[in-house]
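Chain by chain, the residues run as shown.
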Amino acid sequence: MRGSTLRLAIAVATLALFLGPIVLDQFWLRVFTSIFIFAALAEGWNIIAGLTGYPAFGNVVFFGIGAYTTGILMIKAGAPHAAAALGGGVVAAAVAVVIGFPILRLKGHYFAIATLGVNELIRAIVTNWTGFTGGGMGLTLPIMAAGVRGIYLYFYYAALAVLMASVVATLLIVRSRLGFGLRSLRDDEDGARVIGVPTTLLKTVAWATSAFFTALAGGVYAAWMTFIEPANVFDMLLAVKFIVMALLGGLGTVFGPVVGAFVLELLSELVWSQFLTIHLAALGLIIMVVVIFIPRGFAEFIAARRLSLGLFLENVRQNRV
Amino acid sequence: MTVDRLEVMDVTRAFGGVTAVNGVSFQADPGEVLGIIGPNGAGKTTLLNIISGLIRPSRGEVRFGGTVISRFAPHKIARLGIARAFQIAKPFSGMTVRENVMVGALYGRGSSEKRLADASQRASEVLAFVGLAQIAERRVRDVSIGDRKRLEFAKALATNPKVMLLDEVMAGLPPAEVDTAVALVRRLADRGIAVVLIEHVMRAVMSVSDRILVLHHGLAIAEGKPADVVRDPRVIEAYLGQRFAAMGVRPEGAGGA
Chain C
1261 MRGSTLRLAI
1271 AVATLALFLG
1281 PIVLDQFWLR
1291 VFTSIFIFAA
1301 LAEGWNIIAG
1311 LTGYPAFGNV
1321 VFFGIGAYTT
1331 GILMIKAGAP
1341 HAAAALGGGV
1351 VAAAVAVVIG
1361 FPILRLKGHY
1371 FAIATLGVNE
1381 LIRAIVTNWT
1391 GFTGGGMGLT
1401 LPIMAAGVRG
1411 IYLYFYYAAL
1421 AVLMASVVAT
1431 LLIVRSRLGF
1441 GLRSLRDDED
1451 GARVIGVPTT
1461 LLKTVAWATS
1471 AFFTALAGGV
1481 YAAWMTFIEP
1491 ANVFDMLLAV
1501 KFIVMALLGG
1511 LGTVFGPVVG
1521 AFVLELLSEL
1531 VWSQFLTIHL
1541 AALGLIIMVV
1551 VIFIPRGFAE
1561 FIAARRLSLG
1571 LFLENVRQNR
1581 V
Chain F
656 MTVDRLEVMD
666 VTRAFGGVTA
676 VNGVSFQADP
686 GEVLGIIGPN
696 GAGKTTLLNI
706 ISGLIRPSRG
716 EVRFGGTVIS
726 RFAPHKIARL
736 GIARAFQIAK
746 PFSGMTVREN
756 VMVGALYGRG
766 SSEKRLADAS
776 QRASEVLAFV
786 GLAQIAERRV
796 RDVSIGDRKR
806 LEFAKALATN
816 PKVMLLDEVM
826 AGLPPAEVDT
836 AVALVRRLAD
846 RGIAVVLIEH
856 VMRAVMSVSD
866 RILVLHHGLA
876 IAEGKPADVV
886 RDPRVIEAYL
896 GQRFAAMGVR
906 PEGAGGA
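Heads up: the protein sequence lines correspond to chains C and F, in order. When the letters of the first sequence are read in order and numbered with the numbering used here, they come out as residues 1261 to 1581. When the letters of the second sequence are read in order and numbered with the numbering used here, they come out as residues 656 to 912.
Looking at chain F on its own, in the form it has when it is part of the complex:
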């Protein structure tokens, strides 16, 4: 077994009568980009919440490097090297961009940067990497939505992670910035980070992912290489379904889901 493999094993989570995630299993290895796609309400964010420890699975377990982590507190999971970027950016609004990133450096994997000066240095590197260096000293409340998304990404990266869980970090970005984000994700994978990416921007997720997992009503309905997954009849049905078919929507519409 690979040392830093992330393994999700038969994970189920029910909220009342709704089974948000139903017996999902997958793995992500270092240097690999795993894209997770699926219609709204498919259970993608719930799955990431389970991995990052914010909610506990009703059944099944999550392992990282062979250790069962699904009962660990979120901060402990982060310190093992699993960092998270939220769909709706959660910046620390009373702090500057640099200070936000410093928190990740101060408390991240191994908590290696205990001194503020070291954390600030690390923040500079990360901000340069994601292209936010020129607004490092700005207060977050004065920063644009696009830059907040990048900041969300930078905070996670500053923890020096082995796995990054990215929840729709590209949604709402203009096309040029999507290309930049795709390149960033690729560079993370080239550094040996396992990236688990939830994304609705099909062009991005298809081009950057090594493998794709498709969720629908909490079930994993397909998994494989991007080119194979889009031809899978179950996937086409999940995305287009009978409702769309009845409305006369043509298959090209899938890209915009």
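Just chain C, with the same shape it has in the complex:
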């Protein structure tokens, strides 16, 4: 699948998603809204982890920041949802810049662990600042006056818009000077620096962009759920899910994380949701299978143009410790 075929497939898929609500009932609108939010999270994570090579496990912190900023702006300032969500994106990007300055100097595991620390830190602040955030009691957001179907449609298109924006941004980054700089520092940071790539600046820009889209998704989620609490918007399990989606589809590719989110979330909705107890076990199993057999995700099949047992075994051999 290359060039024109890919473009056609994307155009058809986009059109289908835009026209989808004509035929979708409320159950499916809800499922797709959830998929779009997860796909945007996976794509947002891809910008820092895939394109830049910095596995920010704690990226879910920006989801929480986006959700809380949106909630607070809507409740305390009476801001319309779209403006409040954008505000959340801006706040999250600013936080990424401020904490990125010290922790983007770390590499690999150390960076990943530091981002977990950031998530716990912000979660603790939100939990204890009861007067401003509602603390452990959570925050109830205003319900939109648009009728049931209207509300479903609004969040479907809001989530789709965030997803589209994140994909377009990734596409633009990959095809720009910035994208070349990010990919070069991902492969060899010193090698990039000595030929003029300002790595600290580019990493910070990448993380702020990642934070922005992650927070937008959080802003849509918060208003959609109408209730948020620290335990569910700063939830590491959420991070695990969008990380697995990105890995499943293909980290560092433009469309891989989106495809991964669709596959995993549809499977989860259609199959495992029937069996509540094994739901998490199935997620665990998928993580293991992906890491062992297809560490580069579905994108690898497209690149290799084949799908065979040999490919899986090759991966097992190459990646064993």
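Hints listed in this document are in silico derivations from the structure and should not be mistaken for laboratory results. Check each hint, because a few of them may be wrong.
Claimed, not checked - These stretches of chain F come out as covered by chain C in the derived footprint (C-beta under 8 angstroms, 3 or more residues): (1) 752-759; (2) 804-814.
What the hints assert, rightly or not - One side only, chain C facing chain F, incomplete, derived with CB under 10 angstroms: (3) ARG1437; (4) LEU1445; (5) ASP1450; (6) ALA1452; (7) VAL1454; (8) THR1459; (9) THR1460; (10) LEU1461.
Claimed, not checked - Computed list of chain C residues with no C-beta within reach of chain F, every gap over 10 angstroms: (11) THR1274; (12) LEU1275; (13) ARG1290; (14) GLY1347; (15) GLY1368; (16) GLY1396; (17) ALA1541; (18) MET1548; (19) VAL1551.
Ideal Cβ placement from N, Cα and C applies to all residues, glycine included.
Place chain F on chain C using the hints.
Just chain F now, kept in the frame of chain C:
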């Protein structure tokens, strides 16, 4: 003073108790090839790391065109026109050969090529110059070690540098390729680039260098024209020393150090 002169002034760098570079000074002018030789552990790579900003000197300073650059970030130094090729090639393995070189063109001196199309054009020129044009679209992981060395060189050259710091770019190359590399270095100098060359392949470094600096235990023990340096008793001792003398190794062995 020459506008684009590189000046290393009394540079010292200690790691714990080891003084890797000890009060070294030298200059390199545009169009000149300066060879740096010395036994393993003499401090050659540390010296280049200091010039390219990857580590800071404990004492002394580096100037380029009169500006003190030894506190600048590596990318800033590269953008001023000091490019670096590493001893162990550091290619961007997820990219093609052309894309690797494009990074240099996109982010190099003055960052003149801001558009990808221009950078690609510049990459084509550089790849043709170093003889990698036919493998331009190949992924780096599918490229031979010799070609990776040339790519390392090409990435640096694509930044449109005024000074090139080459760290053993010829090591491990077959003799025919060493000759090609020597010719390339000469052509760079003829274009007005100052080349600082660390090299163990004596035949190459002696034939291409205008001047040679000899480092030993972090000290600059000799500097001069190639023919004079090899006759310097301190250099002979540094290379052969008492250990070799005791083993009965004859002076001809120096060439292979």
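Holds or violated: the hint that C/THR1460 contacts chain F, with Cβ atoms closer than 10 angstroms. 8 angstroms, holds
Mind taking a look at whether chain C covers the segment 804-814 of chain F? Criterion is 3 or more residues with CB to CB distance under 8 angstroms. Check passed, 4 qualifying residues.
In terms of Cβ atoms, is chain F entirely out of 10 angstroms range of C/GLY1396? The claim stands: C/GLY1396 keeps its Cβ more than 10 angstroms from every Cβ of chain F (closest is about 44 angstroms).
If you take the shortest Cβ to Cβ gap from C/THR1459 to chain F, is it below 10 angstroms? 7 angstroms, holds
Could you check that no beta carbon of chain F comes within 10 angstroms of the beta carbon of C/THR1274? Holds: least Cβ distance 25 angstroms, greater than 10 angstroms.
When the nearest CB of chain F is found for C/LEU1461, is that gap smaller than 10 angstroms? 9 angstroms, holds
Can we trust that C/GLY1347 is non-interface, i.e. its beta-carbon lies farther than 10 angstroms from all of chain F? 32 angstroms, holds
Quick one: work out the minimum CB distance from C/ALA1541 to chain F and report holds if it exceeds 10 angstroms, violated otherwise. Correct as stated: the minimum Cβ-Cβ distance to chain F is 34 angstroms, above 10 angstroms.
Does the closest beta carbon of chain F sit nearer than 10 angstroms to the beta carbon of C/ALA1452? 7 angstroms, holds
Quick check for students: does the CB of C/LEU1275 sit more than 10 angstroms from each CB in chain F? 29 angstroms, holds
Given coverage of the segment 752-759 of chain F by chain C, tested with a Cβ cutoff of 8 angstroms and a minimum of 3 residues: holds (count 5)
Say whether it holds or is violated: C/ARG1290 keeps its Cβ farther than 10 angstroms from all Cβ of chain F. Fine: 38 angstroms to the nearest Cβ keeps C/ARG1290 off the interface.
In summary, the structure agrees with every hint in the numbered list given earlier.
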